[in-house]
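S.K.: Sequence:
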Amino acid sequence: MVSKKRMPHVIGTVKFATTLARIHGFNENVAEFMGYAHDLFREVDWSKLLKIAKIYGIKTNIQDKVRPVLLHGKIAALFIKKRFKIEEEDILSGISYHTSGYKDFGTYGKILFLADSLEETRIYPKIDELRLLAYKDLDMAFYEVLRNKISYAVSRDLLVLPETVEAWNESVIKRNM
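The opening residue of the sequence shown carries number 1 in full-length UniProt numbering; numbering runs sequentially from there.
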(Lines of atoms letter the chains of each structure in order from A and count residues from 1; the text may use other names and numbers.)
(Lines give C-alpha, C1' and ligand atoms only; values in the text may rest on other atoms or scores of the structure.)
Protein backbone atom coordinates (compact mmCIF):
# COMPACT_ATOMS: atom_id res chain seq x y z
CA MET A 1 0.00 0.00 0.00
CA VAL A 2 3.06 2.25 0.13
CA SER A 3 4.79 3.40 -3.06
CA LYS A 4 8.51 3.13 -3.73
CA LYS A 5 8.66 6.92 -3.50
CA ARG A 6 7.21 6.97 0.05
CA MET A 7 9.13 3.93 1.29
CA PRO A 8 12.33 5.84 2.27
CA HIS A 9 10.20 8.02 4.56
CA VAL A 10 8.54 4.97 6.13
CA ILE A 11 11.90 3.22 6.64
CA GLY A 12 13.36 6.45 8.06
CA THR A 13 10.42 6.73 10.46
CA VAL A 14 10.91 3.12 11.56
CA LYS A 15 14.64 3.67 12.16
CA PHE A 16 14.16 6.87 14.12
CA ALA A 17 11.25 5.46 16.15
CA THR A 18 13.19 2.32 17.12
CA THR A 19 16.22 4.43 18.01
CA LEU A 20 14.13 6.68 20.25
CA ALA A 21 12.48 3.65 21.87
CA ARG A 22 15.87 2.07 22.58
CA ILE A 23 17.41 5.28 23.97
CA HIS A 24 14.43 5.97 26.23
CA GLY A 25 13.93 2.36 27.38
CA PHE A 26 10.78 1.40 25.50
CA ASN A 27 9.86 -1.58 23.32
CA GLU A 28 11.52 -1.23 19.94
CA ASN A 29 9.11 -3.72 18.33
CA VAL A 30 6.13 -1.51 19.19
CA ALA A 31 7.89 1.55 17.77
CA GLU A 32 8.85 -0.39 14.64
CA PHE A 33 5.28 -1.60 14.08
CA MET A 34 3.91 1.91 14.47
CA GLY A 35 6.49 3.28 12.04
CA TYR A 36 5.47 0.79 9.38
CA ALA A 37 1.74 1.33 10.01
CA HIS A 38 1.54 5.12 10.19
CA ASP A 39 1.36 5.89 6.44
CA LEU A 40 -0.47 2.80 5.17
CA PHE A 41 -3.26 4.95 3.74
CA ARG A 42 -1.22 8.09 2.96
CA GLU A 43 -1.35 7.64 -0.80
CA VAL A 44 -4.96 6.53 -1.12
CA ASP A 45 -7.06 8.78 -3.35
CA TRP A 46 -8.80 11.50 -1.35
CA SER A 47 -12.30 10.47 -2.44
CA LYS A 48 -11.59 6.92 -1.27
CA LEU A 49 -10.30 8.20 2.07
CA LEU A 50 -13.61 9.98 2.63
CA LYS A 51 -15.53 6.80 1.75
CA ILE A 52 -13.37 4.63 4.03
CA ALA A 53 -13.77 7.15 6.87
CA LYS A 54 -17.54 6.96 6.46
CA ILE A 55 -17.48 3.14 6.45
CA TYR A 56 -15.29 3.11 9.59
CA GLY A 57 -17.57 5.63 11.30
CA ILE A 58 -14.89 8.29 11.58
CA LYS A 59 -16.40 11.69 12.26
CA THR A 60 -15.01 14.19 9.79
CA ASN A 61 -14.57 17.90 10.35
CA ILE A 62 -14.15 20.78 7.93
CA GLN A 63 -10.37 20.27 7.80
CA ASP A 64 -10.84 16.63 6.78
CA LYS A 65 -13.23 17.66 4.02
CA VAL A 66 -10.86 20.35 2.73
CA ARG A 67 -7.80 18.06 2.99
CA PRO A 68 -8.98 14.41 3.12
CA VAL A 69 -5.35 13.23 3.28
CA LEU A 70 -5.53 14.26 6.95
CA LEU A 71 -7.69 11.17 7.51
CA HIS A 72 -4.92 8.72 6.62
CA GLY A 73 -3.67 8.27 10.18
CA LYS A 74 -7.11 7.75 11.69
CA ILE A 75 -7.96 5.21 9.00
CA ALA A 76 -4.63 3.40 9.48
CA ALA A 77 -5.24 3.18 13.24
CA LEU A 78 -8.70 1.66 12.80
CA PHE A 79 -7.39 -0.70 10.13
CA ILE A 80 -4.63 -2.06 12.38
CA LYS A 81 -7.04 -2.22 15.32
CA LYS A 82 -9.35 -4.47 13.32
CA ARG A 83 -6.67 -6.39 11.41
CA PHE A 84 -4.33 -7.08 14.33
CA LYS A 85 -6.80 -6.82 17.26
CA ILE A 86 -4.75 -4.02 18.83
CA GLU A 87 -6.48 -2.20 21.68
CA GLU A 88 -3.54 -0.25 23.20
CA GLU A 89 -4.64 3.39 23.17
CA ASP A 90 -1.11 4.79 22.95
CA ILE A 91 -0.46 2.82 19.76
CA LEU A 92 -3.80 3.72 18.20
CA SER A 93 -3.68 7.43 19.09
CA GLY A 94 -0.06 7.58 18.00
CA ILE A 95 -0.94 6.32 14.54
CA SER A 96 -4.16 8.36 14.38
CA TYR A 97 -2.50 11.67 15.21
CA HIS A 98 1.08 11.19 14.02
CA THR A 99 0.74 14.24 11.75
CA SER A 100 -1.10 16.64 14.05
CA GLY A 101 0.03 15.66 17.51
CA TYR A 102 -2.38 14.86 20.31
CA LYS A 103 -2.85 16.32 23.78
CA ASP A 104 -3.07 12.91 25.45
CA PHE A 105 -0.19 11.15 23.70
CA GLY A 106 1.63 8.52 25.67
CA THR A 107 5.28 7.78 25.08
CA TYR A 108 4.76 5.69 21.93
CA GLY A 109 2.57 8.39 20.41
CA LYS A 110 5.29 10.96 21.02
CA ILE A 111 7.94 8.63 19.63
CA LEU A 112 6.00 8.16 16.37
CA PHE A 113 5.12 11.85 16.09
CA LEU A 114 8.79 12.77 16.50
CA ALA A 115 10.03 10.01 14.20
CA ASP A 116 7.63 11.07 11.44
CA SER A 117 8.85 14.67 11.70
CA LEU A 118 12.56 14.07 12.30
CA GLU A 119 13.49 10.96 10.29
CA GLU A 120 16.54 11.05 8.03
CA THR A 121 14.81 12.06 4.78
CA ARG A 122 13.34 15.19 6.37
CA ILE A 123 15.36 18.34 5.77
CA TYR A 124 14.44 21.73 7.20
CA PRO A 125 16.04 24.44 9.37
CA LYS A 126 17.08 23.34 12.87
CA ILE A 127 16.20 19.67 12.28
CA ASP A 128 19.56 18.49 13.60
CA GLU A 129 18.97 20.34 16.87
CA LEU A 130 15.47 18.84 17.13
CA ARG A 131 16.86 15.33 16.52
CA LEU A 132 19.42 15.78 19.29
CA LEU A 133 16.72 17.08 21.60
CA ALA A 134 14.57 14.00 20.87
CA TYR A 135 17.46 11.76 21.94
CA LYS A 136 17.63 13.61 25.26
CA ASP A 137 14.04 14.57 26.17
CA LEU A 138 10.89 13.32 24.42
CA ASP A 139 8.59 15.84 26.08
CA MET A 140 10.73 18.85 25.24
CA ALA A 141 11.24 17.58 21.69
CA PHE A 142 7.48 17.09 21.32
CA TYR A 143 6.94 20.67 22.47
CA GLU A 144 9.55 22.08 20.08
CA VAL A 145 8.36 20.05 17.07
CA LEU A 146 4.80 21.21 17.75
CA ARG A 147 6.07 24.78 17.88
CA ASN A 148 7.88 24.24 14.59
CA LYS A 149 4.81 22.73 12.89
CA ILE A 150 2.58 25.59 14.03
CA SER A 151 5.10 28.24 12.95
CA TYR A 152 5.49 26.56 9.57
CA ALA A 153 1.72 26.36 9.01
CA VAL A 154 1.05 29.95 10.09
CA SER A 155 3.92 31.35 7.99
CA ARG A 156 2.45 29.67 4.89
CA ASP A 157 -1.25 30.31 5.57
CA LEU A 158 -1.91 26.58 6.06
CA LEU A 159 -4.45 24.95 8.33
CA VAL A 160 -3.52 24.48 11.97
CA LEU A 161 -5.40 21.39 13.02
CA PRO A 162 -7.53 21.45 16.19
CA GLU A 163 -5.55 18.50 17.59
CA THR A 164 -2.33 20.44 17.08
CA VAL A 165 -3.70 23.46 18.93
CA GLU A 166 -4.95 21.24 21.77
CA ALA A 167 -1.59 19.44 21.97
CA TRP A 168 0.24 22.78 22.02
CA ASN A 169 -1.98 24.21 24.75
CA GLU A 170 -1.62 21.07 26.86
CA SER A 171 2.16 21.14 26.40
CA VAL A 172 2.33 24.79 27.47
CA ILE A 173 0.23 24.04 30.57
CA LYS A 174 2.46 21.06 31.50
CA ARG A 175 5.62 23.14 31.03
CA ASN A 176 4.31 25.87 33.31
CA MET A 177 3.11 23.66 36.15
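Certain hints may be false.
Taking lysine-lysine pairs in the DSBU-like style, the calculated list, with each CA pair at most 35 angstroms apart, reads [what the hints assert, rightly or not]:
1) K59 x K85
2) K81 x K59
3) K103 x K15
4) K85 x K136
5) K174 x K59
6) K136 x K103
7) K126 x K85
8) K82 x K15
None of these hints come from the bench; they were simulated from the model.
S.K.: State for each hint whether it applies.
M.R.: Hint-by-hint comparison with the structure:
1. K59 x K85: holds, 21 angstroms
2. K81 x K59: At roughly 17 angstroms apart (the allowed maximum being 35 angstroms), K59 and K81 satisfy the hint.
3. K103 x K15: holds, 25 angstroms
4. K85 x K136: holds, 33 angstroms
5. K174 x K59: Since the Cα atoms of K174 and K59 sit roughly 29 angstroms apart, the hinted pair holds (cutoff 35 angstroms).
6. K136 x K103: Given pair K136, K103 holds - Cα atoms ~21 angstroms apart, limit 35 angstroms.
7. K126 x K85: violated, 39 angstroms
8. K82 x K15: holds, 25 angstroms
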